[in-house]
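Undergrad: For chain A, the structure is supplied; the task is to place chain B on it using the hints.
Residue-level listing of the chains:
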Amino acid sequence: MGGEMTATQVVLATDREGKQHAVALRSGQSLMRTLKYDGDMDVEAICGGNAICGTCHVYVDADWYDRLPEPEELEAELLDQLVFTTATSRLACQVSCAPGIDGLRVTLAPQE
Amino acid sequence: VSAAVATTVAELQARDPGNFVEITLGSAEMLADVQATLAQWATRRPFYVADDGIPLVICGRYADVRDVMLDDELFPSGLPHKRGFEKFDKFLGVQTMAQLDGEVHLRLRRLINPAFSPKAMLRLEAGIEAAVDVMLDGIEARGPAFDGMADYAGLLLDGALLTVMLRLTPEQKSIFLEMHRLIPLTTHVKAGESVPQECVDAFDRAREAIQAVVTQRRAHPGEEFISDLIAARDNDDRLSDTELFDVLFTVCVAALSGTARAMGGVLYSLFRHPDQLAEVRADPGLAPLAIEECLRFHRGGYFVFPRVATRDTQIGGTKIYEGMVVRASQQAANFDPTVYPDPLRFDIHRDPKRIMSFGVGPHQCVGNRLARLAMRVALVRLLARFPAVRLADPGFQAEYGGAIGELRIRQLPMTIR
Numbered sequence: 014m015g016g017e018m019t020a021t022q023v024v025l026a027t028d029r030e031g032k033q034h035a036v037a038l039r040s041g042q043s044l045m046r047t048l049k050y051d052g053d054m055d056v057e058a059i060c061g062g063n064a065i066c067g068t069c070h071v072y073v074d075a076d077w078y079d080r081l082p083e084p085e086e087l088e089a090e091l092l093d094q095l096v097f098t099t100a101t102s103r104l105a106c107q108v109s110c111a112p113g114i115d116g117l118r119v120t121l122a123p124q125e
Numbered sequence: 004v005s006a007a008v009a010t011t012v013a014e015l016q017a018r019d020p021g022n023f024v025e026i027t028l029g030s031a032e033m034l035a036d037v038q039a040t041l042a043q044w045a046t047r048r049p050f051y052v053a054d055d056g057i058p059l060v061i062c063g064r065y066a067d068v069r070d071v072m073l074d075d076e077l078f079p080s081g082l083p084h085k086r087g088f089e090k091f092d093k094f095l096g097v098q099t100m101a102q103l104d105g106e107v108h109l110r111l112r113r114l115i116n117p118a119f120s121p122k123a124m125l126r127l128e129a130g131i132e133a134a135v136d137v138m139l140d141g142i143e144a145r146g147p148a149f150d151g152m153a154d155y156a157g158l159l160l161d162g163a164l165l166t167v168m169l170r171l172t173p174e175q176k177s178i179f180l181e182m183h184r185l186i187p188l189t190t191h192v193k194a195g196e197s198v199p200q201e202c203v204d205a206f207d208r209a210r211e212a213i214q215a216v217v218t219q220r221r222a223h224p225g226e227e228f229i230s231d232l233i234a235a236r237d238n239d240d241r242l243s244d245t246e247l248f249d250v251l252f253t254v255c256v257a258a259l260s261g262t263a264r265a266m267g268g269v270l271y272s273l274f275r276h277p278d279q280l281a282e283v284r285a286d287p288g289l290a291p292l293a294i295e296e297c298l299r300f301h302r303g304g305y306f307v308f309p310r311v312a313t314r315d316t317q318i319g320g321t322k323i324y325e326g327m328v329v330r331a332s333q334q335a336a337n338f339d340p341t342v343y344p345d346p347l348r349f350d351i352h353r354d355p356k357r358i359m360s361f362g363v364g365p366h367q368c369v370g371n372r373l374a375r376l377a378m379r380v381a382l383v384r385l386l387a388r389f390p391a392v393r394l395a396d397p398g399f400q401a402e403y404g405g406a407i408g409e410l411r412i413r414q415l416p417m418t419i420r
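Those sequence lines, one after another, are chains A and B.
Under this note's numbering, residues 14 to 125 are what the first sequence spells out, in order.
Under this note's numbering, residues 4 to 420 are what the second sequence spells out, in order.
If we strip away everything but chain B, and leave its shape as in the complex, we get:
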C-alpha cells in the first residue's frame, strides 16, 4: 500500500492537528471575501484541506509557492487518473502544456516559444490595436452601457490571439469560444461522476475544428504559428500528431479563459480606484505599471494546475506525503506581506517585482508577454476612446463564477458616458 493511499484526511488530522482548515474550495462562502482569505493563506505555513474527501496541501506564502512551482521533478503536473481526481482532468484527457513535465514539456515549450517571444510581440502590436478598435466600435454602437467582461475582457484574446496571431475564421473561433465557456463545468465533477455531455460534445467539435485547421494550413501554409508547428511536425519530426493537437488545443482553448479573467481583474481593480484611474488616463505611459499592480492584486484565479508529490517531503515546515495533491496559490503569494508590504492596498506606483501571476518555473505562462501587451493596448485605447468610461456603480462588488480555482468575474457593468 503506497503512502498515497494510506494518507487519509483522518491520518493527517492526527499527525498535524490544528493545520487542517475547514473550507470548501470554490464555495460562495469562500468567494464572498476571497482576498481576505488568500491574504491569510499568504501568512501561514502550508496547510491541509479536504477537497471532496481528498486531502490537499495548500501553499500560500511566496517562498512556498515558488518552491513548489520551480521543482517539477518533486512536484510534477501530471496527475494520476483515479477516482476522486476526475475534476483535475480539466481538458478531458488532452495533455495541455501545463500538464506535461520534464524534457517532453521543454521540447514543446521551445517549439512554441518563438511565437510568444519579445520579437514576435513587436510584429503583433499593430494587429492587436486594430482588433481592439473593432471591440471598441462594438461598445460604442451598442452603448453607453456595456459589460466589461462579456463585451471587452472576454473578447480580448479572441481578437489578439485567435484572429491576429492564429488567423482563424469566425466559425472556427466560435467553436473554441464555446469550448472555453464550458470548461469550468469539468472542474465540478465529483468522485466517480462523468463529465457533462455538453462538455464532451463541445470538446469533439473543438477537436474536429483543430483537425480541419491543420488540414487546411498543411495544404496552404502561411507565415504564422500554426503553419510553423505543422512544419515542425512534418519536416523535422519534432512533435507527434497528438502533441501537435494538444499544443493547438492548449493555445486555442486553454489560453482564452486565462486572459479574459485576468483582463476582467484589471478593469475591476483599476476602475474601483478612480483617482489612480485618472492618473493613467492623463498619462498612458503609466499603463504598464498599473497593469502589473492589477495583475498582482487580482489575477484570474487563486490556483493554476495542481501538482502531485512524488515522494514524502516538506514545504515551509509542513509535511507532504507521496501522492498528495499540492495546490500552490499564486494569488495568495501576491499577497505575501514579506514581499509586498500592506498587500491589500492597491497602488499603481508600487512597481511590484516578480509578481506570481504568471507563475514561475518551467510552466511560467508562455503567453505572458502577449497577455501584457494585449491588456495594455486594451486599457490605453479604452481610456483614449471613451474619456468618461467608468463602472456603472462606483461601489460595485464582483461576484465570481467559473471553474474551481478561477476568479472569473460574472459581470462588470460599465458605461462610456
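Next up, chain A with everything else stripped away, as it sits in the complex:
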C-alpha cells in the first residue's frame, strides 16, 4: 500500500450553527460518508450517495474549489436543481479523498 502516507486527509467542516469540525477523510471514502458517519454531522444524504437527492450539499471554500476535480455532468445537473446552489457548491457524496486536499474546508449548505 504505497499510498498509506496520503490515505487520510483532514477536512475542516463547518456546520449550520457555525461550529467547525475536523474530520479525517479516508482513502476510498466519500466526503458525505465522512461528514455523516465519522463526523456525526447533520448531513441527511437520504439517497445514500447516488447524486439524486441533493441533501449532502456543501459549499467548498473558494480557495479550495478549483483544487477538487470538476463535478461530473450528473452532479452538475442536480446542483442546478437546488435553490441554494452557489459557484462553489458540491455534493459531498461525489467528493472523495484525493492527494492534495488535506486541509479542505467546506460548510454545510442549508437544508431545502
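Don't read these hints as lab results, they were simulated from the structure.
There is no bait here: all hints are sound.
Calculated pairs, SDA-like style, for lysine to any residue (alpha carbon to alpha carbon, straight line, at most 20 Å):
1) B/122 / A/124
2) A/49 / B/73
3) A/49 / B/354
4) B/356 / A/123
5) B/193 / B/59
6) B/122 / A/95
7) B/122 / A/123
8) B/122 / A/72
9) B/356 / A/51
10) B/122 / A/89
11) B/122 / A/100
12) B/356 / B/292
13) B/122 / A/121
14) B/122 / A/98
15) B/356 / A/53
16) B/122 / A/90
TA: For chain B alone, kept in the frame of chain A given last:
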C-alpha cells in the same frame, strides 16, 4: 433447488424458533391497534411471518429498515413473477419507478428529478394555493360537515400534481383517480388467482389516457413535465416508449394514493391534539414542523414496496435466505425509541430528524418536496379559511382500508363550524 424454494415456513420455524410471529398482515385485528403493533416491531430484531403461505422477513427497527432500503443490490425491488407473488404486482405488470433497480432506475430518476426539485417547487406554490382554494370553496359550499379524506386529503394531489403540474383535463384526471381507487384490490389477490376484471378495465383506460396525453403533448408541447419527458424520449433517446409510459403511470396513478393517505394522517394526527392544533392556527410558521411530526407519527402506510434477498445474508441478527421477500416498515422505524424517544407521544415541537416516511436510499420518494409543500399549503389555508374547523367527534378513532401495507383512513368526519 434454490434456497428460495427450500426455505419454507416450517424450515424457518425450525431454524429460528420463537422468531416467527402469528399475524395476518392487513387484517382488522392488526389494524385495530396498528400503532402499538408497529411500535413493538420497532424494538425487536427482524422476524418472520407467513403471508398466505409465503415466508416474509419484517424489519421494524430504524437501523434495520435503513440497511434494507439503502442496499438495492442485496435487496432489489424487482420481484419474481411466480405463484404466491401475484399480490406484489400492484400495478398489473407496469414497472413503476419503485420497482426498478440499479442504473435503469437511476437514469429514469434523473430524468424526472428536475420536475420535483426545490427550484421547481418555487414555481408550483402559487398554483397549488389556487388549487387548494378551489377545494376549500367546495367544502364551504357543501358544509359545514365534510369528509377530511374524500373532500380534502383525497383531492390534494389531484389539484397539486394532475392539475397544476401535469395540466391534465378533468376527463383525463377522472380516469387516473378511478385507477387509483381500484389499485388496492390488486394487493388482496391470493396465490394462483387473477386480478379482478374491474382493475384490468380501469388499467386499460388509464393506459389509453396516457397514450392520448402523449400524442396530444407530442403535437403541442408545452413547458411542463410531460412534454419534457417526451422530448427526452424523442430527441435524446434517453428513455424507451415503455419507460415513458411507465414513468407517466408512476406519476399519474401511483403518487396519488400516497399523498391522499399521508394528508389524511396529517389531519387525523393534528386535529386529535387540539392544543397543538391551536398553536399552529395561531402561528402558521409552525406548520412545517407540525407536518413533519404528523408524517412521523402517521405515514400513509406501514410498508412500501417489498424487496427480495439476492443471497443469504442477515439483518440485525436475523438470517435472511436467498429469494425471501423482505418487508421493511418505515412506519415502525418512525417509532424506534432509540431514534425518537417516547415515540407514541405526538409533539409538534419534537422536530424529528430523518423521518423514514419517504424512505431512504435510491427509492426515496421523488415527490417528497411536492408532498410536503402541498400538505403545508393545504393545512395552513384550511386553518386560515375556517377558524373553527375541527373533527366532528373529538374522540374519533380512524378505521383503515386500502391495500395491504397502507393506512388509508376510510372517513374523517370534520366540520367547519
